[in-house]
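Student: The lines below spell out each chain.
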Amino acid sequence: MQWSADVTEHAHVEEIKVPARSGNNQNYYSQIMQHLDRLDKCFCFDLATYIEQRTMDHANNGDGDSDSDSDEQHKPDAETIHLSEYSTSTRQFPDYFSISASLILGAKPSAPKPYQTFATSTTGFHLATKPLLWLSVDEAAIAYQLPNLKDTIITFANRDVCFQGQHGIENLQIWHKVHLQQLSYHDKVPLPPQTLLAIPLSTTNPYGRYDSVIISLHSQSDWPKSGLTDHSVSQLRMIFCLPRSDVFLAYIQHFHISNPTGVSPVTGMHMLRRAVRVNGQQVGEVIPLAHIHSPAHLVPNFGSGAHSCLTNLSSYELSNKFHLNKYWSKEFYYALCSA
Amino acid sequence: MTTATVKEFGDTYHHPPCTAENTITAIRTVCSQHSPMDYKDFLKAIKQFQLNGIVKLCWIGWALLDPSFFLNPKVLHHFHRMFWDHDIQWCISATGATELDFHFSLIQTLIGYRSFSKGILKLKQVTGRDHRVVQRYIIAAVNGSVPRQFLIAICMLLDLRYLAQHRRSLLSPSKGLPVPYRSSMITRRQLYVRVQELTGRYLNSSSSRA
Chain A
3 MQWSADVTEH AHVEEIKVPA RSGNNQNYYS QIMQHLDRLD KCFCFDLATY IEQRTMDHAN
63 NGDGDSDSDS DEQHKPDAET IHLSEYSTST RQFPDYFSIS ASLILGAKPS APKPYQTFAT
123 STTGFHLATK PLLWLSVDEA AIAYQLPNLK DTIITFANRD VCFQGQHGIE NLQIWHKVHL
183 QQLSYHDKVP LPPQTLLAIP LSTTNPYGRY DSVIISLHSQ SDWPKSGLTD HSVSQLRMIF
243 CLPRSDVFLA YIQHFHISNP TGVSPVTGMH MLRRAVRVNG QQVGEVIPLA HIHSPAHLVP
303 NFGSGAHSCL TNLSSYELSN KFHLNKYWSK EFYYALCSA
Chain B
2 MTTATVKEFG DTYHHPPCTA ENTITAIRTV CSQHSPMDYK DFLKAIKQFQ LNGIVKLCWI
62 GWALLDPSFF LNPKVLHHFH RMFWDHDIQW CISATGATEL DFHFSLIQTL IGYRSFSKGI
122 LKLKQVTGRD HRVVQRYIIA AVNGSVPRQF LIAICMLLDL RYLAQHRRSL LSPSKGLPVP
182 YRSSMITRRQ LYVRVQELTG RYLNSSSSRA
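These protein sequence lines map, in sequence, to chains A and B. If you're matching positions, the first sequence starts at 3 in my numbering and goes up one per residue. If you're matching positions, the second sequence starts at 2 in my numbering and goes up one per residue.
Do not rely on the hints blindly, as some may be mistaken.
Stated by the list, open to error - List time: in silico DSBU-like cross-link candidates among lysine-lysine, alpha-carbon distance up to 35 Å:
id : chain 1 : residue 1 : chain 2 : residue 2
1  : A       : Lys132    : A       : Lys115
2  : A       : Lys179    : B       : Lys45
3  : A       : Lys323    : B       : Lys123
4  : B       : Lys125    : A       : Lys19
5  : A       : Lys19     : B       : Lys119
Hints were generated in silico from the structure; no laboratory data involved.
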C-alpha cells in the first residue's frame, strides 16, 4: 500500500482529467483552474448551508437528543454533498410557461410590468428586462427604414380596444431579441427557447438581420395542429413596446404564398414572395407579439443558379422569392405535414 | 426488401419482395436436394438461391413475422450516414461542387443552428450531427438547379427519414403521410430500393451524356 500509485493516479483523474473534459478543449490550464476553483466554492457554499441547516434544526429540536446531533455536527456528512450535483449532462433551460403562470398568480409582486415573460397556449415569450433602445417614432422609422411606421402604429392603436384613447406615441422601447419557447409536437413538453432577431442595419452589418416567424391571423390559434391554415409567414422587422402599455408589439412584413396551391408540387415547400404595394413599398403591419406562434426558416429561391454578387449577409434582404424550409426542424416538419 | 441483387440495381424490372416465406421455402428446397453435411455441393447449391448457408433460423416458428419488418434501419447509419455517403454525392454531381457550396454559404440560419459559411465540401471531422444538419438545408440548396425527377427522389428519401422519426406516422399509413405514400403501402426498404433505382438511372444517363 505504501508504494501504490493508485491514490495519486485517481487524484489525477478527479482533479485533471474530469475538469479537462468538461471544458471546450481550449486553454486547458486556466480552464482546469477555474473549474476546480468553482467546484471548491460550490462545495464551501453547500458545507456552510448544511452546517447552518443543522444548527437551525438543532435549535428547533431543543436539547433532547443532543448526543447523536452534536456528534454529526463535527463531521458534516460528505455523502449527502455530492459533486455530481454540480455537473448535469444536458443544458438546463427555463420554462417560460410556468414562469408566466406564476407571475400572473402574483408570485413576484415586485416584477416590472408589463411582465417580460408571458405565454399563450402554444408559445412562451421572454424579453430582456430593459429595452435596448429608446427612440422616438421618427428616429425608429429612419433606423429601421420603415417610413410608414407611425401610420401603422396609429392604425393598430385605433383597431385595438386597449389602446383607444391613448394619445401621443412619441417614444418607443425597442428590443433586438425575443426568446420564443414552443411545446414539442408529440408530448407537449417545453422545448429549448429559440432566439429571434430583428436588428437594423449598422456599420458592421449593412443589411441588418431579420428572422422570420409564423403568425396567426386571429388571436386564437391551434398551431401546430392545423398547419399553415389561418396562419401566415412574416418577417419580424421590429420588436417594441409603447410607453404606458402592457402589450409587446412587433412590426412585421408579410409574405405572399405565390403558388395558387401554395405548395411546390415537387418539394412540398411553400413558395413565398415579399408582399409589395403598387408604389414599391413593402406591406407592413403592427401586431401583438403574442400572435407569433413559431419561428420559421426561409431560404432564398436561388433559381437555376444563385447570383454571384450575393453574400451571406445580403442574400435575404436582396431576395424577393423564398422557400419556407419545412425540413428546418423535425417539429416544424410535422406541423406543416400534419395539416 | 426485394430480391434484387447489387448488380440488378437500376434495371426496369420491379423485383418481388424478399419475404420470410420465400427464404424458408428456398432453404427447404436446397436441404431436400443436398445434405448440409455435404459441404462442397451444398455451397454450390445455395448460391443459386442467394442463401448464406444457415439452415436453422432462429426466427423459424415465430408467427406472423418477417425479418424485413423487425430488422429496421438504424437512424445514425441508415439515415444520416447513408444521406452523407450517397444523397450528398448525387447532389454534388448534379449541382456542381462550387455552386452547392455557394448556396450553402448564402443560407442564414437561426441562432443556435449550425451554418455552413464555407460550404459543406471541405468540412473536417464530419460527424452524425453534421449529417443531420445538412439534411435541414439540402433541398433548399439544390432546388432549382437539379432536374425535377432528381429533386423528387431526394425529397422522397428525406421525407422518409423525417417521417420514420415521427412517433406514429408509419404505424397508420392512412393518416399523416404525404400524398405520394398514401396510395400504396410500401415498406421502407422497398422505397429505398426504388429511389436508388431512380437516382441511379438518372446519374447513369447524365454521366453517359457527359
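Student: Each hint should be assessed against the structure and marked as holding or not.
Tutor: Cross-check of the supplied hints:
1. Lys132/A x Lys115/A: OK: Lys132/A and Lys115/A at ~11 Å, within 35 Å.
2. Lys179/A x Lys45/B: violated (70 Å)
3. Lys323/A x Lys123/B: holds (29 Å)
4. Lys125/B x Lys19/A: The given pair, whose Cα atoms are some 26 Å apart, holds under the 35 Å limit.
5. Lys19/A x Lys119/B: Satisfied, since the Cα-Cα distance of roughly 34 Å is no more than 35 Å.
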